[in-house]
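Chemist: Sequence:
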Amino acid sequence: MIKTAINLFSVVLIGMMSSCQNTEKKQQTSTQDSISSVSALDSASFSETIDGKAANLYTIKNSSGAEVHLTNFGARIVGLLVPDKDGKLTDVVLGFNKASSYNNPEEPYFGTIVGPFGNRIAKGKFTLDGKTYTLPTNNGLNTLHGGFKGVHFANWEAKEVTPQKVTFAYTLPDGNEGYPGNISMEVTYSFNDKNELTIDYKATSDKNTHLNLTNHAYFNLNGEGSGTILDHELKLFANEYTPVDSTLIPTGELAPVKGTPFDFTKAKTIGLNIDDQDQQLTYGKGYDHNFVLDKTVVEGLNHAVTISGDKSGIVMDIYTAEPGIQFYSGNFMGDKVTLKNGVKDSFRTGFCLEPQHFPDTPNQTKFPSTLVKAGDTYSTKSVYKFSVK
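Those letters in the sequence shown? Residues 1183 to 1571, per the numbering used here, in order.
In short, the hints are calculated from the structure, not lab data. Think of the CB as a built atom: it goes at the ideal place given N, C-alpha and C, for glycine as much as any other residue. Please note: incorrect hints may appear among the correct ones.
Claimed, not checked - The calculated DSS-like cross-link candidates involving lysine-lysine, where the alpha carbons are at most 27 Å apart (straight line), are: (1) Lys1417 - Lys1477; (2) Lys1477 - Lys1548; (3) Lys1448 - Lys1467; (4) Lys1376 - Lys1493; (5) Lys1235 - Lys1347; (6) Lys1389 - Lys1417; (7) Lys1555 - Lys1331; (8) Lys1235 - Lys1305; (9) Lys1270 - Lys1305; (10) Lys1307 - Lys1477; (11) Lys1417 - Lys1270; (12) Lys1384 - Lys1555; (13) Lys1280 - Lys1347; (14) Lys1440 - Lys1450; (15) Lys1477 - Lys1555; (16) Lys1331 - Lys1280; (17) Lys1448 - Lys1267; (18) Lys1331 - Lys1243; (19) Lys1376 - Lys1267; (20) Lys1341 - Lys1313; (21) Lys1270 - Lys1526; (22) Lys1243 - Lys1280; (23) Lys1563 - Lys1341; (24) Lys1341 - Lys1235; (25) Lys1548 - Lys1305; (26) Lys1440 - Lys1548; (27) Lys1331 - Lys1563.
Stated by the list, open to error - Beta-carbon label-pair distances, calculated as ranges: (28) Glu1435 - Val1519: 42 to 52 Å; (29) Val1525 - Thr1433: 29 to 39 Å; (30) Asp1457 - Asp1517: 40 to 50 Å; (31) Lys1270 - Val1519: 17 to 27 Å; (32) Asn1374 - Lys1313: 38 to 48 Å; (33) Gly1524 - Asp1457: 28 to 38 Å; (34) Asn1286 - Thr1442: 28 to 38 Å; (35) Gly1557 - Lys1493: 41 to 51 Å; (36) Gly1409 - Gly1557: 47 to 57 Å; (37) Thr1314 - Thr1433: 15 to 25 Å; (38) Lys1571 - Asp1476: 34 to 44 Å.
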């Protein structure tokens, strides 16, 4: 009898232990699933050596748990995790889980700083102080985002690292990519408790030169790999844009958006007019155009954009010191690379909104100047504020 009772007790105890272990495993699995759905980034596996220098992962966080992942290779945003309408952290920036994945010619601009001149320069030439400078033509007849290497394939120095701020520094040697001057650049990312990511840019040159730095993050406010961005609702604080020719170089005109597919002065989905019969949309294979900001000033910066994810309820507002913003609707994305959560970069599953001076400004005298004189300090900033509907 006693032996039977002991056996029964043993069975019950083993069953309870098994149940506890299964529950613990389920809890661990649930936690792991939750973590993996939030971020597929790990510093140890991300960091690699590129061109003989370390490309590392840096993370800045705020008090709510939202976080930004950065790398010194290209001074890039690797991931940006903010809460959605249900409070779940969602990675809204497309990127890769290894540093070496950014070192590719197929999609070189994910999350990176582009320069020394972001966007296009016609036929890879401009004249300054009576001298014609010739740049690499890496985009058909034109130069795009600083050339083949620019600063996006550079190993920047992590000059200052704190829990909420990272400063990257890099000097582009005189004549590199065709630009005059030793151009010393600093880019500081800071993230506050209001879920505001601020990017501060500073640069100096020992020769007169042209500068137009910006960040080229690909966003999807429903989360990386969540599908199309065409149902995102976009408002641009811009009554004009700069039409382009067939090579995407501005014609020099500032054209009204009213009555065109480029009118985002009232919020509408990205996809509403993207397939309209319009010559400009044909040239860009969708939206790939610079918008002229209205100077709707908020705390000293131009309110450029309000955009929201249709599924997540995440809202991003962009404020900038720049006079324009380039809107690119992911028209050339095409399953070329695998993102950090294992999903391909499919057609129009990411968008870019790049605060900037206008494209081809060195050749367009009517555009706001990008000339930086020797010894002067170039300084600008943009703020990306995240909230929910």
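Chemist: Are the hints correct? Go through all of them and say.
Modeler: Hints versus structure:
Between the alpha carbons of Lys1417 and Lys1477 the distance comes to roughly 14 Å, so the proposed pair stays at or under 27 Å and holds. Straight-line distance between C-alpha atoms of Lys1477 and Lys1548 comes to about 18 Å, which keeps the hinted pair within the 27 Å bound. Proximity of Lys1448 to Lys1467 is assessed by CA-CA distance (about 23 Å); at most 27 Å being required, the pair is judged to hold. Of the supplied pair hints, the one linking Lys1376 and Lys1493 holds, its CA atoms being roughly 22 Å apart against a limit of 27 Å.
Restraint check for Lys1235 and Lys1347: the C-alpha separation of about 22 Å stays at or below 27 Å, so the hint holds. A distance of roughly 39 Å separates the Cα atoms of Lys1389 and Lys1417; the hinted pair therefore is violated under the 27 Å criterion. Simply put, Lys1555 and Lys1331 have alpha-carbon atoms about 24 Å apart, close enough for the 27 Å limit, and the pair holds. For the proposed pair Lys1235 and Lys1305, the alpha carbon gap of about 33 Å is over 27 Å, so the pair is violated.
Distance hint between Lys1270 and Lys1305 is unfulfilled; the C-alpha atoms sit about 46 Å from each other, more than 27 Å. Taken as a hint, the Lys1307 and Lys1477 pair is broken in the structure, with Cα atoms around 30 Å apart against an allowance of 27 Å. Taking the CA atoms of Lys1417 and Lys1270, the gap is near 25 Å; set against the 27 Å cutoff, the hint holds. Between the alpha carbons of Lys1384 and Lys1555 the distance comes to roughly 14 Å, so the proposed pair stays at or under 27 Å and holds.
As the CA atoms of Lys1280 and Lys1347 are separated by approximately 22 Å, the hinted pair is consistent with the 27 Å bound. Of the pairs offered as hints, the one joining Lys1440 and Lys1450 holds, with about 14 Å between alpha carbons and a cut-off of 27 Å not exceeded. About 25 Å separates the Cα atoms of Lys1477 and Lys1555, which keeps this hinted pair within 27 Å; it holds. Annotation: proposed proximity of Lys1331 to Lys1280 holds, straight-line Cα distance about 19 Å (limit 27 Å).
About 23 Å separates the Cα atoms of Lys1448 and Lys1267, which keeps this hinted pair within 27 Å; it holds. For a cut-off of 27 Å, the pair hint linking Lys1331 to Lys1243 is broken: about 30 Å separates their Cα positions. In summary, the hint linking Lys1376 to Lys1267 is supported, as the alpha carbons are separated by about 15 Å, within the 27 Å threshold. With a C-alpha separation of about 34 Å, the suggested pairing of Lys1341 with Lys1313 is violated against the 27 Å cut-off.
Distance hint between Lys1270 and Lys1526 is fulfilled; the C-alpha atoms sit about 23 Å from each other, no more than 27 Å. As the CA atoms of Lys1243 and Lys1280 are separated by approximately 20 Å, the hinted pair is consistent with the 27 Å bound. Among the hinted pairs, Lys1563 with Lys1341 is consistent with the structure: their alpha-carbon atoms are about 18 Å apart, no more than 27 Å. Of the supplied pair hints, the one linking Lys1341 and Lys1235 holds, its CA atoms being roughly 15 Å apart against a limit of 27 Å.
This hinted pair checks out: Lys1548 and Lys1305 have alpha carbons roughly 19 Å apart, not beyond 27 Å. Simply put, Lys1440 and Lys1548 have alpha-carbon atoms about 22 Å apart, close enough for the 27 Å limit, and the pair holds. Between Lys1331 and Lys1563, the direct Cα distance comes to roughly 23 Å. Compliance with the 27 Å bound is thereby established for this hinted pair. The supplied range of 42 to 52 Å is broken by Glu1435 and Val1519, whose beta-carbon atoms lie about 36 Å from each other.
Val1525 and Thr1433 have their C-beta atoms about 37 Å apart, which keeps the hinted 29 to 39 Å range intact. Between Asp1457 and Asp1517, the C-beta spacing of about 20 Å breaks the proposed range 40 to 50 Å. Distance hint for Lys1270 and Val1519: a CB-CB separation of about 26 Å, consistent with the stated range 17 to 27 Å. At about 44 Å, the CB distance of Asn1374 to Lys1313 agrees with the hint of 38 to 48 Å.
The given range of 28 to 38 Å is respected by Gly1524 and Asp1457, whose C-beta atoms sit roughly 29 Å from each other. Evaluation of the 28 to 38 Å hint for Asn1286 and Thr1442 yields a pass: the beta carbon distance comes to about 36 Å. Distance hint check for Gly1557 and Lys1493: the Cβ-Cβ separation is about 50 Å, which falls inside the suggested range of 41 to 51 Å. Taking the beta carbon of each, Gly1409 and Gly1557 are about 49 Å apart, inside 47 to 57 Å as hinted.
Between Thr1314 and Thr1433 the beta carbon distance is about 22 Å. The supplied range of 15 to 25 Å therefore holds. Checked against the hint of 34 to 44 Å, the pair Lys1571 and Asp1476 fails, with Cβ atoms roughly 23 Å apart.
Comparing the model with each earlier hint shows violations of hints 6, 8, 9, 10, 18, 20, 28, 30 and 38; every other hint is respected.
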